[in-house]
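**Q** Here's the letter readout for the chains.
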Amino acid sequence: KNEVEQSPQNLTAQEGEFITINCSYSVGISALHWLQQHPGGGIVSLFMLSSGKKKHGRLIATINIQEKHSSLHITASHPRDSAVYICAVANEKLTFGTGTRLTIIP
Amino acid sequence: GAVVSQHPSWVICKSGTSVKIECRSLDFQATTMFWYRQFPKQSLMLMATSNEGSKATYEQGVEKDKFLINHASLTLSTLTVTSAHPEDSSFYICSARDLKGTNTEAFFGQGTRLTVV
Numbered sequence: 001k002n003e004v005e006q007s008p009q010n011l012t013a014q015e016g017e018f019i020t021i022n023c024s025y026s027v028g029i030s031a032l033h034w035l036q037q038h039p040g041g042g043i044v045s046l047f048m049l050s051s052g053k054k055k056h057g058r059l060i061a062t063i064n065i066q067e068k069h070s071s072l073h074i075t076a077s078h079p080r081d082s083a084v085y086i087c088a089v090a091n092e093k094l095t096f097g098t099g100t101r102l103t104i105i106p
Numbered sequence: 001g002a003v004v005s006q007h008p009s010w011v012i013c014k015s016g017t018s019v020k021i022e023c024r025s026l027d028f029q030a031t032t033m034f035w036y037r038q039f040p041k042q043s044l045m046l047m048a049t050s051n052e053g054s055k056a057t058y059e060q061g062v063e064k065d066k067f068l069i070n071h072a073s074l075t076l077s078t079l080t081v082t083s084a085h086p087e088d089s090s091f092y093i094c095s096a097r098d099l100k101g102t103n104t105e106a107f108f109g110q111g112t113r114l115t116v117v
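Just so you know, the sequences run in chain order F and P.
Under our numbering, the first residue of the first sequence carries the number 1, and numbering increases by one thereafter.
Under our numbering, the first residue of the second sequence carries the number 1, and numbering increases by one thereafter.
The set of hints was computed from the structure by calculation and includes no laboratory data.
Do not take every clue at face value.
[What the hints assert, rightly or not] Label pairs and their in silico Cβ distance ranges:
(1) P:Ser89 to F:Gly28: 32 to 40 Å
(2) P:Lys66 to F:Asn22: 35 to 43 Å
(3) P:Lys66 to F:Ser7: 34 to 42 Å
(4) P:Pro40 to F:His69: 22 to 30 Å
(5) P:Ile12 to F:Ser51: 43 to 51 Å
(6) F:His38 to P:Thr115: 14 to 22 Å
(7) P:Thr17 to F:Ala76: 44 to 52 Å
[Said to hold, decoys possible] Computed, partial: chain F to chain P, Cβ under 10 Å:
(8) Gly40
(9) Ala83
(10) Val84
(11) Glu92
(12) Phe96
(13) Thr98
(14) Thr103
(15) Ile104
(16) Pro106
All of these numbers come straight from a predicted model, not from anything done at the bench.
All C-beta atoms in this analysis are idealised placements derived from N, C-alpha and C, irrespective of residue type, glycine included.
So that you can see chain F by itself, here it is in the shape it has in the complex:
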């Protein structure tokens, strides 16, 4: 079993839909990162969380430390949100989930 599990692996939705991507982990962490990787490969850090909830624009990230679970939400999704979203848990190193490939159809 991987230390970091993401679901779903692939997600296709219509523009405007509310999107949720889930991440569960099994190790102790100091923080959890949500990352976005576009087709060109570059990675952008969206959030770093150690507790509670963070919001940036249409993106919301939550974490439940007791349940070892985090979610990334996208409101009013847009085709430009199409990317791979990666959950990574941090201690001394980052351990990555396998990513969720999101496709938003106009």
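Chain F is already provided as a structure; the job is to place chain P on it using the hints.
**A** Just chain P, lined up with the frame of chain F:
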């Protein structure tokens, strides 16, 4: 957020030659830099961790003589793929963190797509 610049963004080289990839933190001191490799549709695999001024720590299965890492300053780390072979073709990406501070956010370079022909 902080910026990490990785160069080149893509490179094509002949088998047997060496390729150097640079990773620079532009507006903060990166006490620790990480080098990752990513195969198509797979997650990032940590290759090595480098701390400024000391030898890199390589993950199991990564050949240290083949993937030379230098972290000579707090703003620059380099990865040199020596005697490259087609199986080394991959996407390489660096990440920088300031682990001495309280903010341990990770910042990523743009990645380098290496093709060995």
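**Q** Hint by hint, work out which the structure violates, then give me just those numbers in ascending order.
**A** 9, 14, 15, 16
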